[in-house]
Amino acid sequence: MLRFVLFRLLHAIPLLIAVIFVILLMLQLIPGDPVQAMVGDFPVSPEFRAAVTKQYHLDDPFPIRVYSYFVNLLHGDFGYSYQFQRPVLDLIAESAPRTILLTLVGFLIAIPFGVLIGTVSGTTRNRRIDHFWTSSTLIAYAIPTFWLGQLLVLVLAVHFGWFPTQGMGPLVSRAHGFSWILERAHYIALPALAFAVHEGTRFARIMRASVADTLGQGYIITARAKGLTRSAIIRGHVLRNSSPPLVTVAGYAFGAALGGAVLLETVFTWPGLGLLLVQAVRMRDNMTVVGIVIFAAIAVIVINLLVDLLYAALDPRIRSR
Amino acid sequence: MSGERALDQQSFDPRWLAGPWRGFRAAVGNMLGTRHGAAGCAILLLLVVVALFAPLIAPYDPLQQAQASLSPPSWQNLFGTDNTGRDIFSLIVYGTRTSLAIGLGAAFGALIVGGMVGMLAGYFRGAIETLLMRLAELFQTLPVIVVVLFTVALFGSSFWLLLTAVILAIWPVEARLVYGQYIRLRGMDFVAAAKIADLSTAHIMLREILPNAIQPVVVQVALDASVAILIEAGLGFLGLSDPNMVSWGQLLYVAQDYMTLAWWTSFFPGAAICLAVVGLNLFADGLNEIIDPRMRGRAGGLQS
Numbered sequence: 010m011l012r013f014v015l016f017r018l019l020h021a022i023p024l025l026i027a028v029i030f031v032i033l034l035m036l037q038l039i040p041g042d043p044v045q046a047m048v049g050d051f052p053v054s055p056e057f058r059a060a061v062t063k064q065y066h067l068d069d070p071f072p073i074r075v076y077s078y079f080v081n082l083l084h085g086d087f088g089y090s091y092q093f094q095r096p097v098l099d100l101i102a103e104s105a106p107r108t109i110l111l112t113l114v115g116f117l118i119a120i121p122f123g124v125l126i127g128t129v130s131g132t133t134r135n136r137r138i139d140h141f142w143t144s145s146t147l148i149a150y151a152i153p154t155f156w157l158g159q160l161l162v163l164v165l166a167v168h169f170g171w172f173p174t175q176g177m178g179p180l181v182s183r184a185h186g187f188s189w190i191l192e193r194a195h196y197i198a199l200p201a202l203a204f205a206v207h208e209g210t211r212f213a214r215i216m217r218a219s220v221a222d223t224l225g226q227g228y229i230i231t232a233r234a235k236g237l238t239r240s241a242i243i244r245g246h247v248l249r250n251s252s253p254p255l256v257t258v259a260g261y262a263f264g265a266a267l268g269g270a271v272l273l274e275t276v277f278t279w280p281g282l283g284l285l286l287v288q289a290v291r292m293r294d295n296m297t298v299v300g301i302v303i304f305a306a307i308a309v310i311v312i313n314l315l316v317d318l319l320y321a322a323l324d325p326r327i328r329s330r
Numbered sequence: 002m003s004g005e006r007a008l009d010q011q012s013f014d015p016r017w018l019a020g021p022w023r024g025f026r027a028a029v030g031n032m033l034g035t036r037h038g039a040a041g042c043a044i045l046l047l048l049v050v051v052a053l054f055a056p057l058i059a060p061y062d063p064l065q066q067a068q069a070s071l072s073p074p075s076w077q078n079l080f081g082t083d084n085t086g087r088d089i090f091s092l093i094v095y096g097t098r099t100s101l102a103i104g105l106g107a108a109f110g111a112l113i114v115g116g117m118v119g120m121l122a123g124y125f126r127g128a129i130e131t132l133l134m135r136l137a138e139l140f141q142t143l144p145v146i147v148v149v150l151f152t153v154a155l156f157g158s159s160f161w162l163l164l165t166a167v168i169l170a171i172w173p174v175e176a177r178l179v180y181g182q183y184i185r186l187r188g189m190d191f192v193a194a195a196k197i198a199d200l201s202t203a204h205i206m207l208r209e210i211l212p213n214a215i216q217p218v219v220v221q222v223a224l225d226a227s228v229a230i231l232i233e234a235g236l237g238f239l240g241l242s243d244p245n246m247v248s249w250g251q252l253l254y255v256a257q258d259y260m261t262l263a264w265w266t267s268f269f270p271g272a273a274i275c276l277a278v279v280g281l282n283l284f285a286d287g288l289n290e291i292i293d294p295r296m297r298g299r300a301g302g303l304q305s
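Top line first, the protein sequences correspond to chains X and U.
Positions in the first sequence are counted from 1; adding 9 to them yields my numbering.
Positions in the second sequence are counted from 1; adding 1 to them yields my numbering.
Read the hints as simulated data drawn from the structure, not as lab findings.
Treat the hints loosely; a few may be bogus.
Short derived list, chain U residues pointing at chain X, Cβ under 10 Å [as the list claims (entries may be wrong)]:
no., residue
1, Val50
2, Ala52
3, Ala234
4, Gly240
5, Val279
Glycine residues also receive a C-beta, built at the ideal position from the N, C-alpha and C atoms.
Pulled out of the complex, with its shape left as it was, chain U reads as follows (with noise of 0.2 Å):
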């Protein structure tokens, strides 16, 4: 115990106390400190952008099938064209909406879903805590992916029902953690004090542990937000996407015919897709190692 706290005060930077702001600004400093998070931090910054401006960034209306079909990239079409004469440039612009809102829609839901079941089982514990957790069992049994699949299946393949689907599957990581948290905090002597300045539970579990507790679970949306950008492509890729939307997977899914002839149909839709996932994990990494200072930095390991 002695160890933990310890290791509290150290990650503990009083610069996060001076208001929302100022604290935001000094987390985002360290984070930027680390090689990790400031290459993440960029890569999500970027997609952002790209995101939000999509309409400016893009060339052509990504439905539009007015090119050569298959025609290589070029100054024209920077990544080429698809089949069907659409630039694919454009193509992955717009996709990196989906991709985003699927991403972080999927981490926020699980955040939330997940966040009040480990609140609730680790502060109250008893029969409460032995129901949640066993629920969170039950739906981390099957892979995610089985999970969303076995979902669509039945139910066919909307925006929403994705997400849905999605964040069925990977809330109980989440729980597993802000429980996790909650068992560690709930013993520790401000929260004691907390009880006995008669304060409600509710101001307890929000205001006195929350805070405590939230930072390994922001880096566990990162990573979450880069699973449910995976299982997107992955369900793209099967062509049980949305097919409303343009997507980097279902740009795979339409690849796989003419990749041999094209392989910048295959291969630009691929490395957007790794570029989130590595963007969201450097993130995760970054967020850790200012949590972690044991991870900063030094040399270490075995000396010969």
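Okay, chain X solo, but in the shape it has when bound (with noise of 0.2 Å):
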């Protein structure tokens, strides 16, 4: 096992280093000044040109400049922001959590339904109730998730006025304890419904083909031969065996939330990462979005890491590759 975690290290640190290597390359090749490139549409005095180009060591070859950037990351400077007139680094801490949270809440409903359906249309391969479940995910998939966002406000939201439009919570709140804890889910339910409609499918997708694939192994033919019920199969032997895949699959959704945090925040003005990142990019605040794109990379990264030694603790045919 220490072997695989050293190996899994010693592949995740240079990917790491490459993927931050290749971000800064591409903001060289941004045309212009590359100190308005960074502060954004931003009136700069030359004092301020100065101590930026100075920072960041502007007038240094290319190389210098990736040096001390990564010394600065070390040393956990993802930047400063002109436009919002904070470090980088503030700005993601704050940020990152609610990300977290409504994927978190959104796998929470996505989990149980995507391996529901997932199950029912495994075990009825090719007959009715699966065509149904395999056509309806397969469109359900198709849903663009700020579409589905857009929909829910507009029927659940506007029309029967049942959940608010936007936003985290109401701007004055007086609640407390679990009225506070209800009036927040208030908030998330939409946005992470719209979330777990679209990674439930995907799940619901994986668990098909993998019960399907279960089905296929010896033992089932075992464990039916031995006179055991069809529930009895399905909860024994092929949940079980079936679930492997969607932990990986779940795990390396996690990591690449903001991706789908992106577009799905911007519909619900949900103040998370994703909504940060699109912010910075219509005030063209490079600083930010190089920051933010950066801490993404790393948390792809970290989880993917996270994830395979999981699944390497949990079966051990995989350790000796």
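Each chain sits in its own coordinate frame; assemble them with the hints.
Structure follows, in structure tokens:
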């Protein structure tokens, strides 16, 4: 196991360095004034320009600039946003937990439904129930989350008035304790639902394929020969043996959650990392954009590493590669 | 290995050998025999026809602001009008061109880039393999939309830049697929035979292995096209796609401010995106079915 951990670390660290290097390289390719490219459409005074040039080694050759950026990163310095007038790391630390919360709640809805639909579909392959669910998930998966979000807002929030249309909570709130949680749940419901429909259908499709695979195994025939009931086989053999691919996919999806969050958070004005990225792009605040993208890269690589290690801990066959 | 080969023989339709045209017709015939494949082909055909004959189908100039603004769907304006009085049906018809161009352009771009990388890495192995596949991993780290958003943030948005950014973000999937196929096929007897016959490496890679590797790759091309269409729509929805193009996503961006008054500004463009993505996914499903006969028709699962 230790060898596997080391092997995966030796894989992940160069990858992380390479990703950051490519991101910085792209930053170099922007045409025009590098100071302006960093701070966005923002009037700069000569003193300010000199300070930025010195701080980020803009007069030095590219390798030294990259090196100094890495040194800054290792000191926890993701740069400074001149649009928000705050360090980028502060902005990330403030919004990332909100994105994680939304993702977690979405997964809590998506995983049970995905497993249920996938199992029903896989155990009734090519029969009418399966055709129904396969077609439904195929269509649901094609719905863009941001459009689904718009429709949910239109119907459930505007027409029926059951949910708030946007944001993370009321501007002024007197609620405490449990009622505070209820109030927040009210706000997270629609974005989490839109997210869950997309992720849940994906989980269902993966679960269906995995269940179909499991059903072809010899031990299922043995179990049937032993006279186990259908539900006993599904609970005892099928579910357990079909879940590993789902664990991996859910883990990777968690790392990549920022991708979905970009559009979803914009629809619901959910003040997470995705919305921050979109705002920064619109204001041409490249320091913030680069900071978030690098943070996202770190998150993806670290989470994928953890998922792989977890998987190896659960399934010894992986370690012996 | 023997199971794999049996599968190859089963999925192989001898009519495919009878020249490209008859082979193509046989493949289409097989596709139309599957439920999903037939539906997918029908939707894609519809979209292609709409895109090609947009000027004949659209009743109005999509940019002409001559109608009453925000009027609901009627016989004059099938899908209603937007806030500046443009006919939404005509906008969607012209938007088909943008979506298909991005979808097909990015899918074929990714096929060429990813296909070359996968072929070289899978056939030659060794240092080339390590280098190329690590490169693929590098480009696969970030979610596709983040890569595209990042590119647009730094360099601005035009059609060609957008297309390049999407290709940059999706080629690794194609590369991994082709790579896997070449790893699998390079050890097979027909490749050994071709080597003994002293055929050139390029000939073996392109004429011997490629035809055997192509089927799952075509499925991936369809899926890539649907990803590209969704990404372009997403970017349009953020108001960051090429402002000189009519696109479904952009209509949704504009609709954000008006949809509470006029549901049709959001509903129809979104439905168009869904239709295109569903069509491509059905097409991919149908292809998968004719490639892997285990997935075909027969009822299976766990009998009670």
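So, going through the hints one by one against the coordinates:
1. Val50: violated (20 Å)
2. Ala52: violated (19 Å)
3. Ala234: OK, holds: alanine 234 of chain U within 10 Å of chain X, min 6 Å.
4. Gly240: Holds - the Cβ of glycine 240 of chain U comes within 10 Å of chain X, reaching about 8 Å at its closest.
5. Val279: Since the shortest Cβ distance to chain X is 4 Å, the answer is holds.
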